[in-house]
Amino acid sequence: MQLQLDVNGERHALDLDPRTSLLDALRDHLGLTGSKKGCDHGQCGACTVIVEGRRINSCLTLACMHEGDEITTVEGLGAPDDLSPLQRAFVEHDGYQCGYCTPGQICSATAMLGEIEKGWPSNVTEDLEAQVEASIEEISERMSGNLCRCSCYPGIVDAIRQVAKEEAGA
Amino acid sequence: MSLETTRQLKHDTPDHDRRLDGMAQGVLGTDMDRPEGPLKVSGRATYAAESRPEGMAHGYLVRAATIGRITGSNAEAIRAMPGVLHVLEDERMIRNAAQGMAGQSPVQKQGQSWYVGQPVACVVAETFEQARHAAQAMMVTIEPDGTHVFDAEAEGAEIDTPEKKQVSQGDLDSAMAQAAFSIDHDYHTPSMSSAAMEPHASIAQWDDEGRVTLRGSYQLLRFNKNELADVLGVAPDKVRILSPYVGGGFGSKLGLAPEAVAAALAAQALGRPVRVVLHRRQVFETVTRRSETKQRIRLACDADGKLTGIGHENLVSQLPGEVFSEPVAQGTHFQYAAPNRVVGHNIARIRRSAAGSVRAPGEAVGVTAFEIAVDELAKSAGIDPLEFRLRNVPDKHPENGKPFSSSTMEATLREGARRFGWQHSQPRQRREGEWWIGTGMAGAVRVNMMIEAHARVVLTGTGARVECDMTDIGTGSYAILTQVAAEMLGFAPAQVETVLGDTDLPPASGSGGSFGAASTSTAVYLACMELRERLAAKIGVKETELTLKDGVATHENRQTPLAEVLGDEEWRALGHLKPGRAGREVRQATWGAIFAEVAVSDVTGETRVRRMDGTFAAGRILNLKTARSQCHGGMIWGIGLALTEALEHDPRDGHMVNRDLAEYHLPVNLDVPQLGVHFIEERDDWANPLQAKGIGELSICGAGAAVVNAIENACGVRVRRLPATLDQVMEGLIAQG
Numbered sequence: 001m002q003l004q005l006d007v008n009g010e011r012h013a014l015d016l017d018p019r020t021s022l023l024d025a026l027r028d029h030l031g032l033t034g035s036k037k038g039c040d041h042g043q044c045g046a047c048t049v050i051v052e053g054r055r056i057n058s059c060l061t062l063a064c065m066h067e068g069d070e071i072t073t074v075e076g077l078g079a080p081d082d083l084s085p086l087q088r089a090f091v092e093h094d095g096y097q098c099g100y101c102t103p104g105q106i107c108s109a110t111a112m113l114g115e116i117e118k119g120w121p122s123n124v125t126e127d128l129e130a131q132v133e134a135s136i137e138e139i140s141e142r143m144s145g146n147l148c149r150c151s152c153y154p155g156i157v158d159a160i161r162q163v164a165k166e167e168a169g170a
Numbered sequence: 001m002s003l004e005t006t007r008q009l010k011h012d013t014p015d016h017d018r019r020l021d022g023m024a025q026g027v028l029g030t031d032m033d034r035p036e037g038p039l040k041v042s043g044r045a046t047y048a049a050e051s052r053p054e055g056m057a058h059g060y061l062v063r064a065a066t067i068g069r070i071t072g073s074n075a076e077a078i079r080a081m082p083g084v085l086h087v088l089e090d091e092r093m094i095r096n097a098a099q100g101m102a103g104q105s106p107v108q109k110q111g112q113s114w115y116v117g118q119p120v121a122c123v124v125a126e127t128f129e130q131a132r133h134a135a136q137a138m139m140v141t142i143e144p145d146g147t148h149v150f151d152a153e154a155e156g157a158e159i160d161t162p163e164k165k166q167v168s169q170g171d172l173d174s175a176m177a178q179a180a181f182s183i184d185h186d187y188h189t190p191s192m193s194s195a196a197m198e199p200h201a202s203i204a205q206w207d208d209e210g211r212v213t214l215r216g217s218y219q220l221l222r223f224n225k226n227e228l229a230d231v232l233g234v235a236p237d238k239v240r241i242l243s244p245y246v247g248g249g250f251g252s253k254l255g256l257a258p259e260a261v262a263a264a265l266a267a268q269a270l271g272r273p274v275r276v277v278l279h280r281r282q283v284f285e286t287v288t289r290r291s292e293t294k295q296r297i298r299l300a301c302d303a304d305g306k307l308t309g310i311g312h313e314n315l316v317s318q319l320p321g322e323v324f325s326e327p328v329a330q331g332t333h334f335q336y337a338a339p340n341r342v343v344g345h346n347i348a349r350i351r352r353s354a355a356g357s358v359r360a361p362g363e364a365v366g367v368t369a370f371e372i373a374v375d376e377l378a379k380s381a382g383i384d385p386l387e388f389r390l391r392n393v394p395d396k397h398p399e400n401g402k403p404f405s406s407s408t409m410e411a412t413l414r415e416g417a418r419r420f421g422w423q424h425s426q427p428r429q430r431r432e433g434e435w436w437i438g439t440g441m442a443g444a445v446r447v448n449m450m451i452e453a454h455a456r457v458v459l460t461g462t463g464a465r466v467e468c469d470m471t472d473i474g475t476g477s478y479a480i481l482t483q484v485a486a487e488m489l490g491f492a493p494a495q496v497e498t499v500l501g502d503t504d505l506p507p508a509s510g511s512g513g514s515f516g517a518a519s520t521s522t523a524v525y526l527a528c529m530e531l532r533e534r535l536a537a538k539i540g541v542k543e544t545e546l547t548l549k550d551g552v553a554t555h556e557n558r559q560t561p562l563a564e565v566l567g568d569e570e571w572r573a574l575g576h577l578k579p580g581r582a583g584r585e586v587r588q589a590t591w592g593a594i595f596a597e598v599a600v601s602d603v604t605g606e607t608r609v610r611r612m613d614g615t616f617a618a619g620r621i622l623n624l625k626t627a628r629s630q631c632h633g634g635m636i637w638g639i640g641l642a643l644t645e646a647l648e649h650d651p652r653d654g655h656m657v658n659r660d661l662a663e664y665h666l667p668v669n670l671d672v673p674q675l676g677v678h679f680i681e682e683r684d685d686w687a688n689p690l691q692a693k694g695i696g697e698l699s700i701c702g703a704g705a706a707v708v709n710a711i712e713n714a715c716g717v718r719v720r721r722l723p724a725t726l727d728q729v730m731e732g733l734i735a736q737g
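Residue numbers (full-length UniProt numbering), protein chains in the order written: chain A, 1 to 170; chain B, 1 to 737.
Keep in mind the hints are simulated off the structure, nothing from the lab.
There's no promise every hint is true.
Okay, the calculated bits of chain A under chain B, using three or more residues with CB under 8 Å as the criterion [claimed, not checked]:
(1) 19-25
(2) 29-35
(3) 43-56
(4) 92-101
(5) 147-156
Small disclaimer: the values here were computed from a predicted structure and weren't measured.
Just so it is clear, CB atoms sit at the ideal spot from N, CA and C, and this is done for glycine as well.
Please model the entire structure based on the sequences and the hints provided.
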């Protein structure tokens, strides 16, 4: 089927098997291989991308459901010589090792910080009325959908906290 | 191209020169960021499945649903499905991934399904969606070939007891009978998975000269090349493997896996590139798992807590025809002194999927169970478990009397205890609401190894390039090899480029067994030393009087830029490390101590790790940042081992029930507290000219025990069957009343 996808500010015309997941469309048809396939079942979070401002598992949704949606992948957040603050912080705090879950972690964290800013509570939020803080526990809870087998969780949390603090200070 | 000269080291003797301590650049041992970091965090590092050669077709493996003789299939019907190009049922397909460093084909299909989940066919189609659909429609007929055993402890399991792997010294039975205190318990660890985040993937492409290039995700390329050549029946020089980025290994990518063979065979048959990616469930089933273990541990000590007897008798499982078996007692041979010793090693040949090396094979589960047992004995002797360990530090290898290359067991225990603020306490003393709070500790130990490695260094007037087929599986190879060359040749790291993961480059060690960093760094060191000699000769000074820093050679108060020395020339040198007597004359090992604080719910039996601290000694630390991350990783694997990870096998046919990331429970972010990691700097001259040892596995070898021991200290419940799931802890809590 013919469809158009808007990814990282660019419109792409595609001719896809209707069974194609959004993840496979990005990876195999647009060459945007930053989004990773770790399980293809929404269990690991490596495929996390930002669609209409929200983080989703791109392996759990079909490409054809996203015509007209604004899609952002890790490639859209920054380039090697022009990294986003979170990407830079991940390098600095070694919030990755093999690097395979990393794009998903970074897309997830990017959207997650927005969720905290909007005051969305999580499972560990004590007071639903108060402004949510980007505490270690809040970050860990909200990032628990992104598995990392190298187990870089301490670095991931440190990186995100640093950016949260910088943004709060800005 | 200029002449390439070689410097070889046959590693027979210790190196007391410690030349790296005298280098001037000051980049080795720092917390330098990984050079490939910007590519990884921006999604530009390309992994195995991510190139798209023209005309690429897609393959999807078909699994055996039962065990027996393969008698037919509906391949005819599958070939007629939309987009299907080829149905591969080749007898050369491999039964399971090769064992690490095999260098030859594992058992091939040959008309047989050995275990449930074995790949028995591959359907290739124009698109991934078509291949997946057709593969799921394929039916392979398998005739049962008798009854099989699926549990190592079940009646009728065939048990191998290799003579060379049994140890008996003194008289353990008498030691147990005469002991002031003793324990005799069975400990169980479950079948486990590496579960690297990147599923195995291969893209194979043949050229007109009959050479196949495989983009794969592998750890030991020089072995993997020979494995693929052997399977295909071609000469090794007809195989090239590329793995510049590997999305985690942990042992699962040591040996060639079924997707690589299927991709190569299908690409040959079709005359076009073929990609085969393992589905996550296929990764669990067809790539080697860590064997479950049953460990009978007997310990005896005198009234002062001095060990008099050690028994460690183990049962592991494996498929028939596999050479490897989990070396459970690898650390036990030398971790503690005691005159009366028994080590037993038994392998049950059962029909679960093949077992193989998973991060720290042997010690990860062996030291963990042993360190729980030591805690139990210390408790019955009424001695602080820290103090108990300190009383039993060996001064030489207890079995063969060889010296240790360096012994840091006591130093790591003392420093670790100090940093954690260790205080021995009785169980069930601290309570916060529904939570029992407790602390536990364990020693960590892992053997240190070196294997043969080559590396080329190319020097120009403005920088250097390191080239070899080494892999970086997240361990930090790009960083440390860059740092070693930068330090030796006097360049900023940005002037050094490190090119890895290509079998057309000199064969390095590859990544595994914590031998990668030390082995391949030594090859780079040797190549750099060769270049330093050539520089010194050209300038006309002795190499030892040459200082290289920021691209300038300083000698006898004169300064000469390297650009001036080399001009437009490119100097090439090959370093070649050959392991020798240095690895046999002494016992080389890395040591550590791990401390944990946990909270155990009196209501649900849930355990939360609140604090964890590890102190480690592994020779020279090459990069503080990547070494620390490796230790975090091992400690968190310890949390998984202690609390959540277990592969469940169906007792009726051995198949893996929870073969995905939803049901096999890796620790997630919220399961992990902030961790402390501390290194005790040392120089182990026996290890290599860098005085560096492996760090990638040490921290998992005992971490789980610290958590399990902390559970006992918190709530009085002793768990001997890992993981310490809620139901087990609950049962213990109820029994305590």
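So, going through the hints one by one against the coordinates:
Against chain B, the stretch 19-25 of chain A contributes 3 residues with a C-beta closer than 8 Å to a partner C-beta. That satisfies the three-residue criterion, and the hint holds. Counting residues of the stretch 29-35 of chain A whose CB falls under 8 Å from any CB of chain B gives 5; the rule of at least 3 is met. By the rule of at least three residues with a Cβ nearer than 8 Å to a Cβ of chain B, the coverage given for the stretch 43-56 of chain A holds, with 3 such residues. Coverage of a stretch by a chain is defined here by at least three residues with a beta carbon nearer than 8 Å to that chain's beta carbons; for the stretch 92-101 of chain A and chain B the count is 8, and the condition holds.
As drawn, the stretch 147-156 of chain A meets chain B at 10 residues by the rule of a beta-carbon pair under 8 Å; at three or more, the given contact holds.
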